[in-house]
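Take the given structure of chain A and dock chain B to it, following the hints.
Protein chains: 2
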Amino acid sequence: MASIHSSNEDIEAKELDTRSVSSSRNHSQGAPYIHKVGVPPKQNLFKEFSNTVKETFFSDDPLRPFKHQPKSRKLILGVQAIFPIFEWGRGYNLLKFRGDLIAGLTIASLCIPQDIGYAKLANLAPQYGLYSSFVPPLIYAIMGSSRDIAIGPVAVVSLLLGTLLQNEIDPVKNPDDYRRLAFTATFFAGITQATLGILRMGFLIDFLSHAAIVGFMGGAAITIALQQLKGFLGIQKFTKKTDIVSVMQSVFHSAHHGWNWQTIVIGVSFLSFLLLAKYIFLSDFTCSGEQGKKKKNLFWVPAIAPLISVILSTFFVYITHAEKDGVAIVRHIEKGINPPSVNEIFFTGDYLAKGFKIGVVAGMVALTEAIAIGRTFASMKDYQLDGNKEMVALGTMNIVGSMTSCYVATGSFSRSAVNYYAGCETAVSNIVMSVVVFLTLQFITPLFKYTPNAILAAIIISAVINLVDFQAAILIWKIDKFDFVACMGAFFGVIFASVEIGLLIAVSISFAKILLQVTRPRTAILGKIPRTNVYRNIQQYPEATKVPGVMIVRIDSAVYFSNSNYIKERILRWLVDEEEQLKEAYLPSIQFLIVEMSPVTDIDTSGIHALEELHRGLQKRDIQLVLANPGPVVIDKIHASHVATLIGEDRIFLTVADAVSSCSLKLVEEA
Amino acid sequence: MASIHSSNEDIEAKELDTRSVSSSRNHSQGAPYIHKVGVPPKQNLFKEFSNTVKETFFSDDPLRPFKHQPKSRKLILGVQAIFPIFEWGRGYNLLKFRGDLIAGLTIASLCIPQDIGYAKLANLAPQYGLYSSFVPPLIYAIMGSSRDIAIGPVAVVSLLLGTLLQNEIDPVKNPDDYRRLAFTATFFAGITQATLGILRMGFLIDFLSHAAIVGFMGGAAITIALQQLKGFLGIQKFTKKTDIVSVMQSVFHSAHHGWNWQTIVIGVSFLSFLLLAKYIFLSDFTCSGEQGKKKKNLFWVPAIAPLISVILSTFFVYITHAEKDGVAIVRHIEKGINPPSVNEIFFTGDYLAKGFKIGVVAGMVALTEAIAIGRTFASMKDYQLDGNKEMVALGTMNIVGSMTSCYVATGSFSRSAVNYYAGCETAVSNIVMSVVVFLTLQFITPLFKYTPNAILAAIIISAVINLVDFQAAILIWKIDKFDFVACMGAFFGVIFASVEIGLLIAVSISFAKILLQVTRPRTAILGKIPRTNVYRNIQQYPEATKVPGVMIVRIDSAVYFSNSNYIKERILRWLVDEEEQLKEAYLPSIQFLIVEMSPVTDIDTSGIHALEELHRGLQKRDIQLVLANPGPVVIDKIHASHVATLIGEDRIFLTVADAVSSCSLKLVEEA
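Sequences listed follow chains A and B, in order. FYI, the numbering used here numbers position 124 of the first sequence as 182, with every residue one higher than the one before it. FYI, the numbering used here numbers position 217 of the second sequence as 275, with every residue one higher than the one before it.
Only chain A is shown next, with the shape it has when bound in the complex (with noise of 0.2 Å):
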């Protein structure tokens, strides 16, 4: 077959080797110049397994500052990275509190009238969101590292605690046992958030991708402004479940005779308001980070909105008194600050268990937050984060939490932003934020008693409606389909089933999409680039041209058990198509499979399994394989299995160039 062609070949053979003198040939010499592919020096196995087990787990090389120092100094080094505030503090200066006073009295501003209304999200008395404002912040400003971040109560996590816990014990007919397991959830989801810190798996929280957390925070975002229908239509019966066909029945339902309008009036007009100064002052600042283009100094007027509403709105209760015409009024808010809630946890009995494993999950999700927040700020103001460290502080702050009468605390998204805008230089805006609160709850609470419901839920809506980032959904849609199935999925999962649904449909579809990346990983037939002496996909370059009795394929993956079958077979496939079409058009056969191995950063047993397979069905079709730049833990498996004798040592190449030029030598050669 190879003779009847052979005048052709013979052409483009001497074509391949002028074009391989100019990259491999050494031109003093005239004979080909073929780099051998390089052997890695051998690793002893421990060192081998010291260096897996650092990339894995220490990767950031958290013990870098302690080398070579005396023992003093590691000391210290060691207590700053626990409690970064000893680092930081000692630069701290009457300029940098200047930002962190403003940044701190704006964003309690903001957190006071919040806290109050996600303390009703996760179904508990209104000063338990207080609380929560008071104690994790502090502890996180001498044990955490980001300087933006925002802690306290948040709407997402509030909301799937409520539900979650609500699952269990019923909060209105059983409000102690409630309560006890709503510590003993924040007490646990602090334990795991700190476990995962400390043994440094917080790749874990990776697992969630992206595009599931704006699915998932957009539906949360939209069943919380949901639920705010009720205190904003002043409904009375309502509706315990929170996917919107149930809202939405309870809503009509209770339209004849169950709306208040002095209510509605009360709502939406402090809704415009909160609204209208968002938009016009505030620049869109979404959960994935973007920035709009507004006006920045003038943060301020979105961020004490919600007080001065809450002020005017309470003022105008007390003195028309509204609650009497069914405005519903917040009523009463416990006194004083935190009382201690040690032995409130359920550390015994059936209610452990369920605790443990609310408190995984919502410490789960309120990591994923705080960490997204975190890691935006830092590379925005370009410092580094160290995830870790982090998990650390924030699940000693939810433990210390829990003992304390504080539910599950963790960064806010939107209060971040504020913090950010008013020009916070460290965490002590936390600690000023958590004194405004101490304040607070020591001496003015008693005032919040005629607050209108209304206003809350007018504050809530207004703050989560930027949890939907409709332009990070497009932005998905534009990139990639199947993270946008996996975005919808969530978003749809909890808008019409309820939030544990929506992150489970978001982390299966994360998974998924993992597998499918490790079973059916991609290949692709190389041709040459006119004019240079690469190779490259002949789908993304139509201009590329195949190697006449040459076939080249790219595997683009590690080969391991899960995908080296399924390599073997695509690659066979796709040499029997190619055959078939060579036979069509009568040209001369493959003789050459040159396996391009520069992807494949690694190999396992089955996959050195599959080589051999490849190899053997290629000998009974008279097709030699050739493989060209195995890296260098590929070269070294292929040594030690007795694959590289099987294939032969000279069929390894450095390069697809060199590998062509010697195959079309043969080829050549044979004709």
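Since the hints were made in silico from the structure, they are not lab data. One thing to keep in mind: the hints can contain errors.
For chains that are exact copies, the list does not tell them apart, and a pair is met inside one copy or across any two.
Distance condition first, Cα-Cα at most 20 Å in a straight line; then the derived PhoX-like pairs of lysine-lysine [said to hold, decoys possible]: (1) Lys105 with Lys536; (2) Lys295 with Lys439; (3) Lys154 with Lys295; (4) Lys678 with Lys439; (5) Lys105 with Lys539; (6) Lys539 with Lys112; (7) Lys94 with Lys724; (8) Lys125 with Lys641; (9) Lys94 with Lys604.
Coordinates of chain B only, in the frame set by chain A:
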């Protein structure tokens, strides 16, 4: 900084320039010819989606032969696809039958004593083993596409099934329910297998890695052999646990009065005979598909040795009445063929769920074994095996089996090897075996009355001993240490805990490996290999040299949410390390970071964000981000997002060499 070292750079840049001429300059013009990165033609959404689905579920293109065929032909092809017997049956002839007859008789002689023993492992009466060698092989012969597999009960699945069923129902106290649960599990094992095949989810079995299977099989073999000590030593009271500690305690506790010397004599002498026959005449056919070089034409000696042992020992016991001296014998095997058992399957009640769960596990393990065997022999005889079709065949055979008093059947390693050596041509050898088993059931079973249990134990020990595959384990150790951990984990899990625990360990470690792969991909620093234009990992090629002012990093994986953060941080860490080194050596600092993206086959929204953040992080350090050779999907997504304009279209190159020469030119211009 750059100007200080200008002379140095100048020289280097010129050198680079000369080189770049040879690779990418158009000789006639003299201006650098830089080929643009190809943007693949836009696919429409539906096409993209259908392509993904096709590669995932129909990667073997099963409908290919149906293309361009008339309807009647399509029907015939369809029937042949479901029942391959109509395909190969047409070319069947006497010569082939001769091979199948010999092979069928041989495997029948091997399977009859094995079946009786294996039924015991599953805690079922001996005839159920024989039943399972009658119906399932017939079904498989019609529907299966492997020519060499020998169908019937196998040791590992029998043990697994026995262990799992025993956890639910005591086989001694409640044998009827136990048997019914066994049929239920078999039914659902079949349903699982067939469903996986029909839904084309066959790739799921690839998630059990080769290494894990080797360890699991080895451990199971040793556990099974240990179980045989009961029959082998004639122990009356034996533990029900399968772990080595319990079994050994059982054995030694009974050492004084529980052992029966006559039994031991019979057992030891026949086991010696069996092992001798095996190791002298049969090549080492192990589950990893390795073949030794012993005399293959004497395959029948070890193949019929078990039957000879049974006949001799039965005759011996019959004339000496050794059963009166405490030699345990089979006593009774039900005569006649399989009674129907549809009405025995639990379709309602508590046991339905339990049967389902056990069935799924047993079905998956049975499937893994059968597919591994099928693939091994298919690649040896070079024919294609459709995994999904095989699953449907195996599933159907177990569903039918569950209705005809069979328990889970699958392909047996040892009998398939004998079948192959005996010269089987098609699945007719299974039919022959089935007929022999039928005749045995109808006429010969009473003769087994005096067969000593010790013989069955010896036969099982000699059969399973080959599943301990030392060579494979050594090879795994050599190739991949992580695989070895999986292998040993499964092995010791089975031996020291139980088959389920071993299986769980095997699956968990396999999954952990996949997760590790996707969270911690490799990255490499590249350098230029002397006298070429090729850039390679400097760890693998220590002679490769770095380019001054430029750092070249290769990302060795698709960039997904699970690793995008790690990759970004890893690259920045490479940079910090490198800059420190350069500073110490008073060398020019880095001004360009070239990211070689050849191995990056895909990128998702998180990956795009990571790229943006990397760009932003580099900008703050006055370093330019340059991309080399992004693949079709990646370039598409880079354009879909605004990353392309952010980085600059002119900073995306076809090759690292192009990128380097462009960067060097700029460095020269600046200097």
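Structure-based check of all given hints:
Within a single copy, Lys105 and Lys536 get their C-alpha atoms only as close as 44 Å, which misses the 20 Å cut-off; across copies the closest is 16 Å, which meets it. Taking identical chains as interchangeable, the C-alpha atoms of Lys295 and Lys439 are never at most 20 Å apart, the minima being 48 Å within one chain and 74 Å between chains. For the homomeric pair Lys154 and Lys295, neither the shortest alpha-carbon distance inside one copy (50 Å) nor that between copies (80 Å) is at most 20 Å. For the homomeric pair Lys678 and Lys439, the shortest alpha-carbon distance between copies (10 Å) is at most 20 Å, but the shortest distance inside one copy (61 Å) is not.
Taking the closest pair of Cα atoms, Lys105 and Lys539 come within 20 Å of each other only across two copies (12 Å); inside a single copy the shortest separation is 42 Å, beyond that limit. For the homomeric pair Lys539 and Lys112, the shortest alpha-carbon distance between copies (16 Å) is at most 20 Å, but the shortest distance inside one copy (35 Å) is not. When the C-alpha separation of Lys94 and Lys724 is checked against a cutoff of 20 Å, the pair qualifies only within one copy, where the shortest distance is 19 Å, while the shortest distance between copies is 32 Å. Taking the shortest Cα distances, Lys125 and Lys641 sit within 20 Å of each other only across copies (18 Å), while inside one copy they are farther apart (65 Å).
Proximity of Lys94 and Lys604 under a CA criterion of 20 Å is satisfied inter-copy only: 19 Å between copies versus 25 Å inside one chain copy.
Of the numbered hints given earlier, the model fails hints 2, 3; all others are met.
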